[in-house]
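Enquirer: Keeping their order, the protein sequence lines are chains A and B.
So in numbering that gives the first Met the number 0, spot 86 of the first sequence is number 85, and the numbers just go up one at a time.
So in numbering that gives the first Met the number 0, spot 225 of the second sequence is number 224, and the numbers just go up one at a time.
Keep in mind the hints are simulated off the structure, nothing from the lab.
Predicted model, so just to flag it, every value in this text is computed and none were measured.
Even for Gly, the Cβ is constructed at its ideal location relative to N, Cα and C.
Take the hints with a grain of salt, since some may be wrong.
[As the list claims (entries may be wrong)] If you anchor each label on the Cβ, the simulated ranges turn out as follows: (1) B:A349 to A:Q144: 35 to 43 Å; (2) B:L305 to A:E225: 33 to 41 Å; (3) B:R405 to A:R100: 16 to 24 Å; (4) A:Q227 to B:I3: 46 to 54 Å; (5) A:E68 to B:T309: 34 to 42 Å; (6) B:I3 to A:H22: 28 to 36 Å; (7) A:S62 to B:R405: 19 to 27 Å; (8) A:R117 to B:T309: 27 to 35 Å; (9) A:G194 to B:R405: 28 to 36 Å; (10) B:V353 to A:S74: 19 to 27 Å.
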Amino acid sequence: MSAPVAQTIDLCKDYRVGPSVVHALADASVTIDSGESVAVMGPSGSGKTTFMNLLGCLDTPTSGRYLFEGTEVSSLGPDQLAIVRNQRIGFVFQSFNLLPRITALDNVALPLAYGRYRRSERRRIAAAALEEVGLAERMNHTPVQLSGGQQQRVAIARALVGDPSIILADEPTGALDTRTGIEIMNLLQQLNARGITIVLVTHEPEIARFARRVIHFRDGHIQSDESQEALGAMSQAPPDAADTADAVRALG
Amino acid sequence: MSGIDLVLAALQSLRANIMRSILTALGMIIGVAAVITMVAIGAGAQAGIQSVIDSIGANMLIVSPASSRSRGAAQGAGTRQSLTWADANSIGAQIQGVEAVAPSVRKTVQIIFGNANWRATAEGVTQEYFTARGWEIGTGRGFEEFEVTGGGKVAVLGATVAENLFPGQSPVGEVVRIDRVPFEVVGTLKAKGQSSFGQDQDDVLFVPLKAAQQRLVGQSTPDAVQTIYVLAKTPALVSVVEREIEEMLRDRHGIAPGDSDDFRIRNISEIFEARAESSRVMALLLAAVASVSLLVGGIGIMNIMLVSVTERTREIGVRMAVGARRRDVLAQFLIEALALSLIGGAIGIALGVVSSQITAGLADWPLRLDSSAIVLAFGFSAAVGIFFGYYPARKAARLDPIEALRYE
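Input sequences plus hints: build the corresponding full structure.
Expert: Following this line, the structure appears as structure tokens:
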């Protein structure tokens, strides 16, 4: 089997707050294989956000190792990390984080602009990604002209566009109502079914149930790491989730 | 990101805050326009002075006798009677590149007409003198050849003299007594006004050279002249003519090599070069003051770019998260600052060109718009954009992506 998408070994992150040192994350060893769907849970200050930042190559650890697709990335400089993020990682945020003044299409094409793609190629790939999330008809809208759920779809298309091996979603449903949140989770599940590894942070157990693996953080340590039978997987979708999936398809 | 992407993104973001962009660019517009106008004004003023020099004769040489010595004591310039009419004639005849030669003698005289009398400088001249010095006959006529060589007792009055002796009437045909010698007034001159040094140039009268030598000046060498005005054909020929006159006069006066000249040659443009120099300094000063406003414009750009970086912290975070490297962010903000300053610079150049045209029109100067000034202004605004845009851009590039994403 190929190398795991992400493997952390005794990962630590300390923050210096005035004279004292806060251990935000201590000895976190996690292996995430390709195609997994993982929910990261825990109260605020538990270290889950720090863990996600490290996983997303947005931050570097104080100690420990982080192998991304078999490559040590914990000692890379900011520009090299940017390249890893650009080519291998997709981000989905709670507040969508779309650029407000440009169209959905340009937002989706943004990561490609930092890669080696021509303009025409970028537009083509971005349009395909938007189509995949069911927003083909809204690609020339700006974010303010879109609903929350649609904005998050654009964000997911943006995460998808670079053909990443992993999508990191930080409370992707936190700013959405329950129904829209479920639609978004279904979309992420579809992508997962296609083989993209999904790691999501949530504090809602119902959302965590969409993942096949749940990792609990507490006080900077991993409290538990267990597999579960995921809700709403394609074959065994409960009735309500299937309905929403149908609704999504109808919308798309 | 490619260059085109960066430029497009920069323009887009400037358009997003159009009012702010215009106001910021206004600083550059005013700065650049001020520099261009000031440089044009400076150059125009110089050109104006140059045209004055040309009009009074940049190609004018003034030959006068050197100082004489009486028992070792210098008697002052022009006291020797070493220059003669014959010298003047041979300068005119033998030296190429000479347009006109005008020998003259000068004396302050008392002029009487009826009850009125006046004191003025009388100059004994040839007819050529009037053209060489730019005098125009107002009424009557100038001198005839036979009057000049034959010592005809005729006079041409300057405007001031004519006014004082003949208030409200024409002097032509009247007889005046110049130092008790009767002369017939044959003409008057058009007024020249003040000289550039404030002297009344019209307080003068002219008589034929021969007559002045014989009747008014009374000198030990009958043929002596005090000044020979030499007009070269072009300003470029002045120095050549000057050298040739010196050689010729040394030869004619039999001056041994190594002995000093018994005459002096002065170049009239030297006097005005000093004034041109002072106007050049003035122009430099104006340009320096104007560049201060460019500097202020640059600070305005820096200010707005800093605000923009703060406002768009989250955008920077997003860009970094999706793969923008530090240099991408640096380039983005640098190009925005550059776009602001260059657009401002371009508009400023257009405005500067228009305003210097207006100024040149009002001041009646020749318009001197140096293309190098325009290129320089454009380059300068680019430099201002980079210089003042670098710090905010660097600040943006150094942001921590996590904190930038969390920024509210």
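Enquirer: Taking 19 to 27 Å as the hint, is the beta-carbon distance of V353 (chain B) and S74 (chain A) inside that range?
Expert: Since the Cβ atoms of V353 (chain B) and S74 (chain A) sit about 60 Å apart, the hinted range of 19 to 27 Å is violated.
Enquirer: Between R405 (chain B) and R100 (chain A), does the C-beta distance stay in 16 to 24 Å?
Expert: Hint holds: Cβ distance 21 Å, inside 16 to 24 Å.
Enquirer: Just to be sure I understand the hint, the distance between the Cβ atoms of R117 (chain A) and T309 (chain B) should be within 27 to 35 Å; is that true here?
Expert: 33 Å Cβ-Cβ, so the 27 to 35 Å window holds.
Enquirer: Could you say whether the range 46 to 54 Å given as a hint is met by the Cβ separation of Q227 (chain A) and I3 (chain B)?
Expert: holds (49 Å)
Enquirer: Starting from the range 35 to 43 Å, see whether the pair A349 (chain B) and Q144 (chain A) falls in it by beta-carbon distance.
Expert: holds (38 Å)
Enquirer: If you check the beta carbons of L305 (chain B) and E225 (chain A), does the distance land in 33 to 41 Å?
Expert: violated (49 Å)
Enquirer: Within 19 to 27 Å: is that where the Cβ-Cβ distance between S62 (chain A) and R405 (chain B) falls?
Expert: Cβ of S62 (chain A) to Cβ of R405 (chain B): about 24 Å, so the range 19 to 27 Å holds.
Enquirer: Taking the CB of G194 (chain A) and the CB of R405 (chain B), does the distance hold inside 28 to 36 Å?
Expert: Since G194 (chain A) and R405 (chain B) have Cβ atoms about 31 Å apart, the given range 28 to 36 Å holds.
Enquirer: How does the Cβ-Cβ distance of I3 (chain B) and H22 (chain A) compare with 28 to 36 Å: does it lie in that range?
Expert: violated (47 Å)
Enquirer: Kindly confirm whether 34 to 42 Å is satisfied by the beta carbon distance between E68 (chain A) and T309 (chain B).
Expert: holds (36 Å)
Of the numbered hints given earlier, the model fails hints 2, 6, 10; all others are met.
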